[in-house]
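Colleague: With these hints in hand, go ahead and build the complete structure from the sequences.
Residue numbers (our numbering), protein chains in the order written: chain A, 1 to 259; chain B, 1 to 377.
Don't read these hints as lab results, they were simulated from the structure.
This one's a predicted model, so the numbers in the text were calculated from it and none came from an experiment.
Virtual Cβ for every residue (Gly too), placed ideally from N, Cα, C.
Incorrect hints may have been included.
One-sided and incomplete, this derived list gives chain A residues near chain B with beta-carbon spacing under 8 Å [stated by the list, open to error]: (1) Glu83; (2) Cys129; (3) Val159; (4) Glu163.
List of simulated lysine to aspartate or glutamate pairs, EDC-like, C-alpha gap at most 16 Å [to be verified]: (5) B:Lys342 <-> A:Asp122; (6) B:Lys167 <-> B:Glu277; (7) B:Lys178 <-> B:Asp218; (8) B:Lys346 <-> A:Asp122; (9) B:Lys221 <-> B:Asp181; (10) A:Lys147 <-> A:Glu187; (11) B:Lys30 <-> B:Glu124; (12) B:Lys23 <-> B:Glu121; (13) B:Lys351 <-> A:Glu187; (14) B:Lys351 <-> A:Asp127; (15) B:Lys144 <-> B:Glu283; (16) B:Lys147 <-> B:Glu121; (17) B:Lys365 <-> A:Glu187; (18) B:Lys109 <-> B:Asp96; (19) B:Lys108 <-> B:Asp96.
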Amino acid sequence: MKKARITCGVDIGARSIDIILFDGRKIIDSIVINTGAKPRERALSAYQNLLVKNGIRKNKLLKTVSTGYGRNHFTDADEAISEIACHAAGVAYYFPDAELVIDIGGQDSKVIGMLPGGKVVDFGMNDRCAAGTGRFIEMVSDILDIKIEDISKMSFRKVSGCEINSMCAVFAESEIVGLLQNDVPVEKLLKGVFVSVAKRVVSLMGKSFSSREIIFTGGVAMINGVAEALEQETESRITVPSNPQITGALGAAILAGKR
Amino acid sequence: MKTQDPFKYFRDAIDYELEFVEKEKSRGRKIVGIYCEYTPREIILAAGAIPVCLCGTSNSTVAAAEKILPSNLCPLIKSSFGYFITDSCPFITMSDLIVAETTCDGKKKMYEIMGQRKHVEVLELTQKSDSALSLKHWVDELRKFRKTLEREFKVKITDSDLRRAIKLMNRERALLRKAFDLGMRNPSIVTGLELALIRFRVAGFEKHLEMLEKFISDVEKRGKSRKKPGGPRILLTGCPTGSGSGKVIEIIEECGGVVVVQEACSGIKSVYELTEEKGDPIEAIARRHFHLPCSCLTPNRGRIELIAKLAEDFRPDAVIDLIWQACHTYNVESHIVGEFVKNRLKLPFLKVETDYSPSDREQLKVRISALLEIAGK
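Modeller: Right under this line is the structure:
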C-alpha cells in the first residue's frame, strides 16, 4: 500500500461526524460519531485517532477534504467542498451510472441530479424547515418512545398510513400528539410520517429530476420504511448503498484525490 | 466634505445624507419619503422637494413590526413598518409627505395603517404592462399627484420644472448605470458588495454624483493592473437588497463568487432606461416607470428580456434568484425565470428564499457553494 495516495474525507454534519480514509481505490477505515456540542474538537480528535489507529502520519496523507456544515471550521483540511458535490462523488463510487441521489440527513434533505461519473448538474434542498429531515423522524420517535433502531428494519408496505398534513415539523408534532389521543395505531402513524417525509423530498425534485433508479443516502436511508415510502411516491426503484451514512465523507476523500 | 475616498464616502453615505436633508429642511425645503423605484422622483424634485428613500432593509425593526403585522409577510414590508412605528428612521420623521404605490397587497394595506399617523399619498400603479388603458390610468395618477404636490407645498410645477428634474434624474441614473456597467469587465474589477454601496437614498444630491464619478474612475484604474480571473460570475436577480439586507451578496462573495450584475430594482433595473427628455414630461415619466420590469406587472416579459440582455453583456456563469420570504409575485415568477435561465441561457440557476435574519447563513452557504462548484467547472 503506497501511503502517498491516501486521502481523507471528513463530513461534519448536523447530527453526525463521518471520517473516511481512502487509498484511491477502496476504503481503508471509517468512523461515525455523534456531532455533539463541540463539533470542531470532536472531529479533530476522531480524525487524529483514526490516523493513529491505522498507523498513518498526517504528513503522509495526500490531502484531506472537509464537507458538511462544519467544513469551513475544520482547520486540518486542505480544502472544503460542499456536501452536494461530495455526496455525488461518493454515490458515483458505488454506482457509476447513477443519475439521481436523494440524501436525507439530520438537518436537511437534498436531491442531486448528476451525470454518470458524479458530476453535479442540478440540485434541490429543503429550506429552513425540519419536516422532511432526520431530525423530524427523531422527534417523532421521541414522542412515541420508540428507538429508531427498533423500527429501521421493519416493513410498512402493508400498513396504510394516516394523513399528516402539517408542513412544519413543530406543528406536525402537535398533529401527531392529537392523533395519538384518538388511538391511531403506532404503525399507521409511523407510515404516515414516512410518507410525509417522502412527499417533502419529492417536492424538492420538481419537474427537472427523474430517473428510473434513485440512490438513497444519508442517515435516514437506514430506515427501511422511508425507502419504501420514497419508492411509493417517486415510482422509481430506490437503492440504498450498504453504508449510506458515509457517502459524503467518501466523496470528500475521493475528490481529495482528484484535485 | 471629509473624505475623498469614494468607497468610504458611500459606506458612510447615510451620514452625509442626514446632514444634507436636515440643512435643506431647515431652509424650508419639503421632504418626501418614498419606498419604491416606481415613485416619480422627477415630480417631487420639480416641486422643489427632496425625494428620500425610506429605511426598510434592516432585520432590527422586524420584531417591532410583528406586533401589528402578521409575521408571514415579506421582511421588506415588516422592516419598513418597524422603522415607521418605532420612529427609528430620521428620514420618516423629517418627511412632510410619504408617497407609496400599490405594488403588492402587503404594502398596500401597510400604507393604510401608516396613513393613520402620517400623510401617505398612495398612487395606484396599474399592472398590465402592455395595455394602453393601464398606461393612461398611470398617467392620470401622476397628473393628480402633480396637483397634490402643488396644493400641499403651495408651489406651481411647470413643464420646464419637470424637464429640468428629468434631466437631473437622467444624469444620476446614467452615472449609476455607468458604475454598474463596470461589472461587465472580465476579469472583474469591482465586487457586488462595492456596487451595492452606491445605492444611496437621497436623489438629486450633487455631492453623491461627484463621488459617483470618482467611484467610476477609481474602479477603472484598477482595471489596468488586474489580470487574474476571479471566481464564478453571478447574475443576481429577484427582490431588492439594501444596507443591512445584503446577506446573499455577502455569502456569494464569501464563497468565492462575484456578483457582476444585480438585475433587481436595487441594481441595474432601475437605471437601465432613462426618461425621455422630449414630449409631454408627465407621459414620459409614466412611460419610463412602465418599462421597469417588477414582478408586480403582468405579464412581466420585460424581466426575461432584461435578464437575456444582461447575460449577453455581463457573461455570468450562473444566475441566482433572491426571493424574500412571502414575496408571492417574485416567488411564483421564479419558476418562469428558472426555466428560461436553464433551458434558454443554459446556465445553472438557484432560487434562494430567505429573509433578513442571519439564521440560515450556513444553509445558504451550502447551496451557494454547490452552485459555484457547478458554475466553476
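Colleague: If a hint holds in the structure, say so; if it doesn't, say that too.
Modeller: Against the structure, the hints come out as follows:
no. : hint                  : verdict
1   : Glu83                 : holds, 6 Å
2   : Cys129                : violated, 10 Å
3   : Val159                : violated, 33 Å
4   : Glu163                : violated, 23 Å
5   : B:Lys342 <-> A:Asp122 : holds, 10 Å
6   : B:Lys167 <-> B:Glu277 : holds, 7 Å
7   : B:Lys178 <-> B:Asp218 : holds, 13 Å
8   : B:Lys346 <-> A:Asp122 : holds, 12 Å
9   : B:Lys221 <-> B:Asp181 : holds, 15 Å
10  : A:Lys147 <-> A:Glu187 : holds, 14 Å
11  : B:Lys30 <-> B:Glu124  : violated, 23 Å
12  : B:Lys23 <-> B:Glu121  : violated, 25 Å
13  : B:Lys351 <-> A:Glu187 : violated, 37 Å
14  : B:Lys351 <-> A:Asp127 : holds, 11 Å
15  : B:Lys144 <-> B:Glu283 : holds, 13 Å
16  : B:Lys147 <-> B:Glu121 : holds, 12 Å
17  : B:Lys365 <-> A:Glu187 : violated, 38 Å
18  : B:Lys109 <-> B:Asp96  : violated, 21 Å
19  : B:Lys108 <-> B:Asp96  : violated, 20 Å
Hint check: violations occur at hints 2, 3, 4, 11, 12, 13, 17, 18, 19; the rest are consistent with the structure.
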